[in-house]
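Student: Take the position in the sequence shown, starting the count at 1, then add 42; the result is the number in this note's numbering.
By construction, these hints were calculated from the structure, which means they are not laboratory data.
Among the hints, a few may not be true.
The list that follows gives simulated cross-link-like pairs (lysine-lysine, DSS-like), each with its CA atoms no further than 27 Å apart [as the list claims (entries may be wrong)]:
hint: 1; residue 1: 293; residue 2: 336
hint: 2; residue 1: 140; residue 2: 342
hint: 3; residue 1: 286; residue 2: 357
hint: 4; residue 1: 325; residue 2: 302
hint: 5; residue 1: 155; residue 2: 136
Cβ-Cβ distance ranges computed for the label pairs, FRET-style [stated by the list, open to error]:
hint: 6; residue 1: 208; residue 2: 130; range: 46 to 56 Å
hint: 7; residue 1: 304; residue 2: 336; range: 18 to 28 Å
hint: 8; residue 1: 231; residue 2: 111; range: 36 to 46 Å
hint: 9; residue 1: 347; residue 2: 185; range: 46 to 56 Å
hint: 10; residue 1: 244; residue 2: 130; range: 30 to 40 Å
hint: 11; residue 1: 311; residue 2: 244; range: 15 to 25 Å
Glycine included, C-beta positions come from ideal geometry on N, C-alpha and C.
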Amino acid sequence: MNVYILAPANRTSGGPELAHQMCHRINELSPGTAFMIYVDLNRPVGEDLGADAPAPEAYAIYDTEHITDYAAADTPDNVFVFPEGLTLSLPFIKNARKVLWWMSVDNYIISTKETNLESIRKDVSLHLYQSYYSKDYVENKIPNANGMYLSDYINDAHGQFLFPAHLRQDIALYNPAKGYNELKPLIDRASWLKWIALTGLDVEHMVFMMQNSKIYVDFGEHPGKDRIPREAAANGCCVITNKKGAAAFSKDVPIPDNYKFEVPADSLDELDSLLHDICDNFKEHQDKFADYRKMIASEKSSFEKDCDKFLEWCKKN
Numbered sequence: 043m044n045v046y047i048l049a050p051a052n053r054t055s056g057g058p059e060l061a062h063q064m065c066h067r068i069n070e071l072s073p074g075t076a077f078m079i080y081v082d083l084n085r086p087v088g089e090d091l092g093a094d095a096p097a098p099e100a101y102a103i104y105d106t107e108h109i110t111d112y113a114a115a116d117t118p119d120n121v122f123v124f125p126e127g128l129t130l131s132l133p134f135i136k137n138a139r140k141v142l143w144w145m146s147v148d149n150y151i152i153s154t155k156e157t158n159l160e161s162i163r164k165d166v167s168l169h170l171y172q173s174y175y176s177k178d179y180v181e182n183k184i185p186n187a188n189g190m191y192l193s194d195y196i197n198d199a200h201g202q203f204l205f206p207a208h209l210r211q212d213i214a215l216y217n218p219a220k221g222y223n224e225l226k227p228l229i230d231r232a233s234w235l236k237w238i239a240l241t242g243l244d245v246e247h248m249v250f251m252m253q254n255s256k257i258y259v260d261f262g263e264h265p266g267k268d269r270i271p272r273e274a275a276a277n278g279c280c281v282i283t284n285k286k287g288a289a290a291f292s293k294d295v296p297i298p299d300n301y302k303f304e305v306p307a308d309s310l311d312e313l314d315s316l317l318h319d320i321c322d323n324f325k326e327h328q329d330k331f332a333d334y335r336k337m338i339a340s341e342k343s344s345f346e347k348d349c350d351k352f353l354e355w356c357k358k359n
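With these hints in hand, go ahead and build the complete structure from the sequences.
Tutor: What follows is the structure in structure tokens.
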């Protein structure tokens, strides 16, 4: 029995990294069992599987191998793990057991308009949930689905220390690729605050920026349990979100409710007041995120245990 984990070729983002993390963990448990299969997104569906591409340099630490002849691996004793963004490729695997890993609910909805839910219900042997948001979605759309929680963890470089509160600057960080239109009114309103976009930074510089700042704001879609809010919290920032997607689920984003806003544009006065109070009384606010930091610190251990359970399922089913 082998496990083949699909991921887009030459992509570095949360989903592909999670796929490589799984491959690495399974091979720790059972050497030579797991392999990557890369998908060339520039080719038509059906011709895109088995791209001969190296693992992205950032993922070399996971020491994975990939195969190109996916058809030879398509046998009943093997398992293929698909991310939710590649469900249109499910029909091209005829014999192996198919597992669908819901890393981003929204990406699935956007890419398919939910047109293949019925075939997913019939073809997928097991659903893996990266977030409680995805678990809720699948259980509502595919009643009685066979599922298992298997989330992820952030890079070990985050949260190794906390820069002293009194030395941090009045800086609010944000990801310009997610929810910028929703955030812009607050940036304009709180122009007294220094706003810095997190873009083009490697891990080392991301840690440095977060350790020197007080606040991270994310008004994006939260299609899964996003990494950057966790990275910011692990590095000591106070996190402010909306209530979209996974941010609406306390098990995915377990921060006090007064740091979550249903419609941020309708709460600019309250948000501006909160930003002022965080900057003026930072340590008091930072302490309210202690439980969130503990959860984040435990995620790698939880991921490893969840991978253990998944591998046992692969062997028994």
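Student: Against each hint, give a clear statement of whether it holds in the structure.
Tutor: Quick rundown of the hints versus the structure:
A hinted pair counts as satisfied when its Cα atoms are at most 27 Å apart, and residue 293 with residue 336 qualifies at roughly 13 Å. The suggested pairing of residue 140 with residue 342 holds, with an alpha-carbon distance near 25 Å, which does not exceed 27 Å. With a C-alpha separation of about 37 Å, the suggested pair residue 286 and residue 357 falls outside the 27 Å cut-off, and the hint is violated. For the hint linking residue 325 to residue 302, the alpha-carbon distance of about 19 Å falls within 27 Å, and the restraint holds.
Restraint check for residue 155 and residue 136: the C-alpha separation of about 24 Å stays at or below 27 Å, so the hint holds. For residue 208 and residue 130, the Cβ-Cβ distance of about 53 Å falls inside the hinted range of 46 to 56 Å, so the restraint holds. Restraint check, residue 304 to residue 336: a C-beta distance of roughly 27 Å satisfies the suggested window 18 to 28 Å. Take residue 231 and residue 111: their Cβ atoms lie about 56 Å apart, and the range 36 to 46 Å is violated.
A beta carbon spacing of about 27 Å between residue 347 and residue 185 contradicts the range 46 to 56 Å that was offered as a hint. Evaluation of the 30 to 40 Å hint for residue 244 and residue 130 yields a pass: the beta carbon distance comes to about 33 Å. With their beta carbons about 37 Å apart, residue 311 and residue 244 fall outside the hinted range of 15 to 25 Å.
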